[in-house]
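Taken in sequence, the protein lines are chains A and B.
The first sequence lines up with residues 1 to 113 when you count with the numbering used here.
The second sequence lines up with residues 1001 to 1112 when you count with the numbering used here.
Bear in mind the hints are in silico, worked out from the structure with no lab data behind them.
As the structure is a prediction and not an experimental result, all values here were calculated from the model.
Keep in mind that a hint or two might mislead.
[Unchecked claim] When the alpha-carbon atoms are kept at most 25 Å apart in a straight line, the in silico DMTMM-like pairs for lysine to aspartate or glutamate are as follows:
{"no.": "1", "chain 1": "B", "residue 1": "Lys1056", "chain 2": "A", "residue 2": "Glu82"}
{"no.": "2", "chain 1": "B", "residue 1": "Lys1002", "chain 2": "B", "residue 2": "Asp1078"}
{"no.": "3", "chain 1": "A", "residue 1": "Lys57", "chain 2": "B", "residue 2": "Glu1005"}
[Unchecked claim] Residues from chain A that keep clear of chain B, each with C-beta distances beyond 12 Å, as calculated:
{"no.": "4", "residue": "Arg15"}
{"no.": "5", "residue": "Gly16"}
{"no.": "6", "residue": "Thr20"}
{"no.": "7", "residue": "Gly28"}
{"no.": "8", "residue": "Gly62"}
{"no.": "9", "residue": "Thr111"}
[What the hints assert, rightly or not] Sample of chain B residues lacking proximity to chain A, with all beta carbon distances greater than 12 Å (derived):
{"no.": "10", "residue": "Val1004"}
{"no.": "11", "residue": "Ile1047"}
{"no.": "12", "residue": "Gln1064"}
Backbone N, C-alpha and C define an ideal beta-carbon position, used for all residues, glycine too.
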Amino acid sequence: KAGVTQTPRYLIKTRGQQVTLSCSPISGHRSVSWYQQTPGQGLQFLFEYFSETQRNKGNFPGRFSGRQFSNSRSEMNVSTLELGDSALYLCASSLSPTEGGYTFGSGTRLTVV
Amino acid sequence: QKEVEQNSGPLSVPEGAIASLNCTYSDRGSQSFFWYRQYSGKSPELIMFIYSNGDKEDGRFTAQLNKASQYVSLLIRDSQPSDSATYLCAVKESGTASKLTFGTGTRLQVTL
């Protein structure tokens, strides 16, 4: 079956712009989490959605937001981009917040210039 | 601040040897533990997860958990050059929380 699909794979944006990233989980998976990965900080938790509700949020500014749709697909948005937002953004899905491991998508590489 | 600690490496082992990767965590309430493998330029790939004290084996991989010592490890038997990657330890706290806290990873190099 298809894995976790993230689009786009690569993005280049200018400081001050906003960006929307998309994630389609594995069929049947209803929990979607987002992570930011940078060389200096490693993998940092952004937020998690289950049944269209944000259940958990990491320590990121309000410029980072997300949502989940009824078909479990999720989007995250970053407004007023800063150079430090350049990172690999990873989406992971699981059956539910309490079941099993999390499968990651290939990620979106965001570069802010 | 809940932390997950790993030695960054690189850990170098010869082909065919056993690689031992270690991870400690600070939150005693942690209930689920995961090992991910990440090749350079790729996303993390789930190798194993373990919930109970003791050993869990899957092919060449064995995860070991000691909750009293707050320690989890991954053994890779008969290491192959294709095992060369960064191995990430991740911990999920108890209850309904679903956030994974990751270590910074250990880079493994399997030499010929």
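Structure-based check of each hint:
1. Lys1056/B - Glu82/A: Not OK: Lys1056/B and Glu82/A at ~43 Å, beyond 25 Å, violated.
2. Lys1002/B - Asp1078/B: 34 Å, violated
3. Lys57/A - Glu1005/B: 22 Å, holds
4. Arg15: 25 Å, holds
5. Gly16: About 28 Å separates Gly16/A from the closest Cβ of chain B, which puts it past 12 Å; holds.
6. Thr20: Nearest chain B Cβ is 19 Å from Thr20/A, so the label holds.
7. Gly28: Label holds. Min Cβ-Cβ 16 Å, cutoff 12 Å.
8. Gly62: At roughly 18 Å from the nearest Cβ of chain B, Gly62/A sits farther out than 12 Å, so the non-interface label holds.
9. Thr111: The assertion about Thr111/A holds, with a minimum of 14 Å to chain B.
10. Val1004: With a cut-off of 12 Å, Val1004/B comes too close to chain A, as the shortest Cβ separation is near 10 Å.
11. Ile1047: Incorrect as stated: the minimum Cβ-Cβ distance to chain A is 9 Å, not above 12 Å.
12. Gln1064: 17 Å, holds
Taken one by one, the earlier hints fail for this structure at numbers 1, 2, 10, 11, listed in ascending order.
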